[in-house]
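The lines below spell out each chain.
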Amino acid sequence: MRRDSPSGGILVLGEIRSGRLHPAALELTAKARLLADDMGAEVSTLLLFSEIDVDPETLIGYGADSVICVRDRRLGLFDQEVQSRILYRIIRDTRPGIVLAPATTSGRSIMPAVAAKLRTGLTADCTGLDIDPETKQLLQTRPAIGGNIMATIRTPEHRPQMATVRPRTFAIPASDPNRAGSVKELTLPDHCFESRVVPLGLERSDGDDVNIQDRDVVVSGGKGMKKQENFVLLRDLAELLDGGVGASRAAVDNKWIPYSHQVGLSGKVVAPKVYFAVGISGTVQHLAGMQTSGMIVAINKDPEAPIFKVADIGLCGDLFDIVPRLIEVLRGRKGV
Amino acid sequence: MKIAVLIKQVPDSDDVRMDEATGTMVREGVGTMINPLDLHALQEALKIRSSRGGEVTAISMGPPQAETALREALALGADEAVFLSDPRFAASDTWATARTLSEAIEATGPYDLVIAGEKATDGETGQVGPEVAVMLDVPFSTYVSGIEFESGNSLVVSRTVEDGIERQRLSIPCLLTVLRDINEPTMPTLSGKRAARRADLPAWDLDRLGLSPEEIGLKGSPTRVVRIFHPQITRSPRLFKGNDIERGIAELLTELEGLGITGREGVS
Ligand SMILES: Cc1cc2nc3c(=O)[nH]c(=O)nc-3n(C[C@H](O)[C@H](O)[C@H](O)COP(=O)(O)OP(=O)(O)OC[C@H]3O[C@@H](n4cnc5c(N)ncnc54)[C@H](O)[C@@H]3O)c2cc1C
Ligand SMILES: Nc1ncnc2c1ncn2[C@@H]1O[C@H](COP(=O)(O)O)[C@@H](O)[C@H]1O
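Residue numbers (the numbering used here), protein chains in the order written: chain A, 1 to 336; chain B, 337 to 604.
Note that these hints are calculated values from the structure, not bench results. Don't take each hint at face value.
Said to hold, decoys possible - Okay, the calculated bits of chain B under chain A, using three or more residues with CB under 8 Å as the criterion:
(1) 429-437
(2) 476-488
(3) 504-517
(4) 583-596
To be verified - Residues of chain A placed beyond 10 Å of chain B at every Cβ, according to the derived structure:
(5) Thr58
(6) Arg95
(7) Pro133
(8) Lys136
(9) Cys192
(10) Asn230
(11) Leu233
Beta carbons: idealized from backbone N, C-alpha and C, even for Gly.
Using the sequences and the accompanying hints, generate a full structural model.
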């Protein structure tokens, strides 16, 4: 789409999976609010669902001027074709200047489909969003080449400006109970729900397998863990901190833990509040997946290990002494 | 079954070194390789060919040296390779890349299946696959870690997503982007290597593809990179060893409390 439309507002696609609102919906709505205030624009949050665990009005407290709801039983299971068609339609009708969605597996499927159809730009996995004070354009900043460089990207001519945003990038502020806004329920014609994709179901993984990208704390182990059985130490530590267990590629290659736990260039990028690297040397490829974490704690017996260069707290010694001691101290604190 | 596999040449991450002074990856003299996930895409196509018959075509867009990626694909067993190269393709963003690739897919197809990697290690956008699907007007699925064919014109994919494994049925033709878990890539074959050596890979340029210069390269790209910089993550590392470790643990606990991380209640 060329820029002929009035500089519209900001549209946020809120994600709902299995009836649960993803926290990124609050995060992006709040961020959109800040951006909209810089441009003098409105924020709308779009929710597509069959069931939802919060009152859509909640989004108003986080900064939405309007919440657009499409409630339909056919939206219960994720269907990229239906969701992109609906998002496309709403963009066409409301002409936002900016569209934001979380960089989740869903957001990263729907957004490129919609951008392709609109013939506009899309910036993936942003970790920074600002409004250029002069042009009022969206400045989209994202890591590239494994986080070793950052690139700021603009969409000068085409509208809307679209970006997926890595969840947990921006703080979620407290809700403002005094904010005013509206909730609109939209009924769409049947053909909007036609699809060449048939969702058959979701087999949930739980417990240990909760996505490590969603955790406040990640405790990762590397080759220094020596064998699979020793990962129980990390699981204990992670559990005490309500965190998830990650791993270096060396640990995954040794089949000590499944690939879905791998952090790094060829695994997941995580940015928890606290990242523990236990028996991990800190190669460039591993750092690519965790160096933007809030606080980094490294446990390694080699004082020269590169991980210590990026660690806020480095504990240099045998992990088989340090981790059990840490667990003991944490348990003591809780009085268990 | 006619299958197209989209292959991108990326800098070799085995070679990745850091420039200590600037804190960036050293790119000069760094080798190139096929994007690792694209090897899984190719492997899956070869697997499907061996069970269902058909033909596998590898397609790549890139600078002249990207031809080696296609020769590698032939060595691994692809039947055909289509090389898209033209200085005017340079600086394409995902939209322009997808536009170029989809034109080549239409010109050399029709295909029953298009397989791409979920994302490339350099750009890391994962956008090209879905964009190509929309431009071809075929259904697509992403994050695919398993494919089963059904009788009739459909297949069922398993998608590995945040909270589990999702299953979806798609009608054929369709486009899939695949994850590493889908298979184990194999080695090049002798006959493949021979074919790779012999293959003539004339580059398709803009004119042969019949695209307008407005749609491709920098001109056709809606996005512009306006600034590149090195992330400044300032940390002041504190290292504790020997007898200091207890003190380190105590400081760690204070920090955790400061961050509000007190852990789960009632865990023993
Ligand atoms: C294309 C490509 C992609 C890659 N992608 C990834 C990726 O996504 N993620 C990733 O992690 N790697 C990745 N790698 C691999 C990476 O280069 C390293 O091989 C890997 O990260 C090393 O893992 P490690 O730190 O666990 O092992 P090592 O480098 O062997 O380090 C083990 C560390 O444990 C310490 N140690 C040993 N015993 C003890 C003990 N008892 N107490 C305390 N410390 C101890 C040692 O001092 C050492 O520092 C990739 C490589 C390539 C080529
Ligand atoms: N220039 C290209 N030539 C061929 N395939 C590509 C190209 N760029 C991207 N792809 C395909 O699209 C996937 C995702 O790439 P990206 O969107 O760049 O992360 C890759 O794994 C390839 O399968």
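Comparing the hints with the structure gives:
no. : hint    : verdict
1   : 429-437 : holds (count 4)
2   : 476-488 : holds (count 4)
3   : 504-517 : holds (count 7)
4   : 583-596 : holds (count 8)
5   : Thr58   : holds (21 Å)
6   : Arg95   : holds (16 Å)
7   : Pro133  : holds (14 Å)
8   : Lys136  : holds (15 Å)
9   : Cys192  : holds (15 Å)
10  : Asn230  : holds (19 Å)
11  : Leu233  : holds (15 Å)
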